[in-house]
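Q: Based on the provided sequences and hints, a complete structural model is requested.
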Amino acid sequence: MNSSMAETETQTQDVGSILSRVPAAVGQGVIAVLEHSAGLAMLTAQTVVAAARPRRYYGALVAQAYDMGVRSLPVVVLVAALSGAVTSQQSGYQFTGTVPIWIIGSIVAASVLTELGPVITALVLVGRIGARIGAELGTMVVTEQVDALRAVGRDPIEQLVVPRVLAGTLVLPPLVAIADFVAIGAGWAGAVITLPITTSEFVYGVRSYYHDFALWFGLIKAAVFGATITFIGCYIGMKARGGAEGVGRTTTAVVVSGTVAIMFWDAVLARLLKAFG
Amino acid sequence: MARRSKKLELWIGLLAIVATVVTFWGYYWLTGQPLGERGYHVYAVLPNAAGLSRGSQVQMSGVEVGVVRNVELVGAGRVVVRVWIQRSLQIPRDSRILVEAVGVFGDKVVRLQPGAAADPAADGDTLGVAVSSGLMDLAGTLGEKAETLLDQLDKLMADSTIDQVHGTVAALPGTVRGVERLVRENSGEFAALSRSLRETAETLNSRLASDEIDQALADIEATAARLAEVSEDFKDAADRLASIAEKIDNGEGTLGLMVNDSALYYDLRDATRSLTSLTQDIQQNPGRYIKLSVF
Numbered sequence: 006m007n008s009s010m011a012e013t014e015t016q017t018q019d020v021g022s023i024l025s026r027v028p029a030a031v032g033q034g035v036i037a038v039l040e041h042s043a044g045l046a047m048l049t050a051q052t053v054v055a056a057a058r059p060r061r062y063y064g065a066l067v068a069q070a071y072d073m074g075v076r077s078l079p080v081v082v083l084v085a086a087l088s089g090a091v092t093s094q095q096s097g098y099q100f101t102g103t104v105p106i107w108i109i110g111s112i113v114a115a116s117v118l119t120e121l122g123p124v125i126t127a128l129v130l131v132g133r134i135g136a137r138i139g140a141e142l143g144t145m146v147v148t149e150q151v152d153a154l155r156a157v158g159r160d161p162i163e164q165l166v167v168p169r170v171l172a173g174t175l176v177l178p179p180l181v182a183i184a185d186f187v188a189i190g191a192g193w194a195g196a197v198i199t200l201p202i203t204t205s206e207f208v209y210g211v212r213s214y215y216h217d218f219a220l221w222f223g224l225i226k227a228a229v230f231g232a233t234i235t236f237i238g239c240y241i242g243m244k245a246r247g248g249a250e251g252v253g254r255t256t257t258a259v260v261v262s263g264t265v266a267i268m269f270w271d272a273v274l275a276r277l278l279k280a281f282g
Numbered sequence: 008m009a010r011r012s013k014k015l016e017l018w019i020g021l022l023a024i025v026a027t028v029v030t031f032w033g034y035y036w037l038t039g040q041p042l043g044e045r046g047y048h049v050y051a052v053l054p055n056a057a058g059l060s061r062g063s064q065v066q067m068s069g070v071e072v073g074v075v076r077n078v079e080l081v082g083a084g085r086v087v088v089r090v091w092i093q094r095s096l097q098i099p100r101d102s103r104i105l106v107e108a109v110g111v112f113g114d115k116v117v118r119l120q121p122g123a124a125a126d127p128a129a130d131g132d133t134l135g136v137a138v139s140s141g142l143m144d145l146a147g148t149l150g151e152k153a154e155t156l157l158d159q160l161d162k163l164m165a166d167s168t169i170d171q172v173h174g175t176v177a178a179l180p181g182t183v184r185g186v187e188r189l190v191r192e193n194s195g196e197f198a199a200l201s202r203s204l205r206e207t208a209e210t211l212n213s214r215l216a217s218d219e220i221d222q223a224l225a226d227i228e229a230t231a232a233r234l235a236e237v238s239e240d241f242k243d244a245a246d247r248l249a250s251i252a253e254k255i256d257n258g259e260g261t262l263g264l265m266v267n268d269s270a271l272y273y274d275l276r277d278a279t280r281s282l283t284s285l286t287q288d289i290q291q292n293p294g295r296y297i298k299l300s301v302f
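For the protein sequence lines, the chains are C and G, in the order given. Heads up: the first sequence runs through residues 6 to 282, numbered per my numbering. Heads up: the second sequence runs through residues 8 to 302, numbered per my numbering.
Hints may be right or wrong, so weigh each one.
[As the list claims (entries may be wrong)] A short list of chain C residues far from chain G (calculated; beta carbon distances all over 12 Å):
| id | residue |
| --- | --- |
| 1 | L78 |
| 2 | A156 |
| 3 | T257 |
[Unchecked claim] Partial list, derived from the structure: chain C residues whose beta carbon lies under 7 Å from chain G:
| id | residue |
| --- | --- |
| 4 | R60 |
| 5 | G64 |
| 6 | A65 |
| 7 | V67 |
| 8 | A70 |
| 9 | Y71 |
| 10 | P179 |
| 11 | I183 |
| 12 | H216 |
| 13 | F218 |
| 14 | F222 |
Simulated from the structure, these hints should not be mistaken for laboratory data. Backbone N, C-alpha and C define an ideal beta-carbon position, used for all residues, glycine too.
A: Below you can see the structure in the form of structure tokens.
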């Protein structure tokens, strides 16, 4: 009798524990969102303010732009060429014999200019730049180099965040522009080599699709993606805790968050393309 | 440090230059306008752009000669289209533009219809607009025909027709069985008929091969010739009879007078009546006219 009562009491406590844990988890999630929103807003404001003094970070900006732009170019070109070739191959397999063959040119141009060019480039740079920024700043935080900067009167936002965010914002559009035309060129080469399509048919398809906004929209997206990748890298890196393990977690968090953020922006900006395109 | 910074600046500058060149070259390539090629702009005011957009091709005699640079709605039923044409092509000032759909998906192109004026169109001129009889009109006609066809199909597929078809199909097995039974029961007769037909055909073949047929054909030809002569005689006779009938109708000759003179008819009728009356009187009173005397 007593054991039965104890069992019932335990079950009641379990149910109560579960019921209390669910709202607690929701509450923690809401608090985390609010904390991150506030932190991002604060960092944004600090970055905008610090960006008003370019002389203080010009050298770092050049170094970051070189690293993000020039040194990323080979991998960006390689990935763009592969994605363009794959797009033309896939669309060729799907559409040969069903619709006019020049449609492949339109599909390659539409895919590359609006999606593949900016998004693939950004995803490549999330891994290459975002992870590097997260690890770099995370290490600086856990080894108290950031505190040392503050101690000598330097603003870490101005010295670390602004050059990276500006460099990412400025460098991504040229990279995406090059990636766009490399991908279209690779799509053309892949199509004329392996599919029953001529150069003039491919070019006709590309030009049939092309409208100015598609090109400019891709470059606008690139700038937004560049700012997003670097900003997330800086934000998460500056919050790193816990030594080498913490830096590892920071790097992972930057890659995951950066990827999700890019896809989120892609979905949001697609509405703009629909509205103005 | 400064040297390294300069080196990085150089590389960044090269990247920027390459990206700019690629973007501008790509832009001109994508719009179909050769980079650096000179041209001029002409305008047209359309009531309806029909889906025309920036970058659409401009063609003349099927050859691409320019590109649509801008399409702007300036009011209800007024769309101003700015067209770039390569300078090497001079079109007459009274040329017209026509918006047409091409391809399966109805992509729009501008076709230039050259006019007859001696002076060429200049930069900024406004061209006339030709009326399109394009794909949409053809589609409309096709749609009307399809509608008629569908109506007829609806009638064909009416319930009564389908019932009849079903009835016919249902009756087919019985009909086939009946035909099979008929063939089976009369197979002997069919065989006999077949043999008889074969013998008849053989006989005919042998007869056709003999001289009798040739002789018969010669006789038939001779008879036909004689019939032709007789026919000519009949025709002469018919002509003469017609001539006589015409004379009678015209009252010529004795017969004509007799046929056409009504007075003679009445005289004859009166005479007949008098003769009848005289005959009756003779029958009733023979003594008045016949006197018998023996002595």
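Q: Would the hint on C:H216 stand, with a C-beta cut-off of 7 Å toward chain G?
A: 6 Å, holds
Q: Quick check for students: does the CB of C:A156 sit more than 12 Å from each CB in chain G?
A: Since the minimum Cβ distance to chain G is about 23 Å, C:A156 lies beyond 12 Å and the statement holds.
Q: Hint check: is the beta carbon of C:F222 less than 7 Å from a beta carbon of chain G?
A: 13 Å, violated
Q: Taking the closest Cβ pair, is C:I183 under 7 Å from chain G?
A: With a closest approach of 5 Å, the C:I183 hint holds.
Q: Against chain G, with CB atoms and a cut of 7 Å, does the hint on C:A70 hold up?
A: Check passed: Cβ of C:A70 comes within 5 Å of chain G, closer than 7 Å.
Q: Given C:A65 was flagged as interface, is its beta-carbon under 7 Å from a beta-carbon of chain G?
A: 10 Å, violated
Q: Closest CB-CB distance from C:T257 to chain G, is it above 12 Å?
A: 30 Å, holds
Q: Given a cut of 7 Å on the nearest C-beta pair, is the interface hint for C:V67 held or broken against chain G?
A: 5 Å, holds
Q: A closest beta-carbon separation below 7 Å is what the hint needs, so does C:F218 meet it against chain G?
A: Violated, because the Cβ-Cβ distance from C:F218 to chain G comes to roughly 9 Å (cut-off 7 Å).
Q: Return the status of the interface hint for C:G64: holds when the least beta-carbon distance to chain G is below 7 Å, violated otherwise.
A: 6 Å, holds
Q: Return the status of the interface hint for C:Y71: holds when the least beta-carbon distance to chain G is below 7 Å, violated otherwise.
A: 4 Å, holds
Q: Next item in the hint list is C:P179. Is there a CB on chain G closer than 7 Å to its CB?
A: 3 Å, holds
Going down the numbered hints, you'll see the structure goes against 1, 4, 6, 13, 14, while the others check out.
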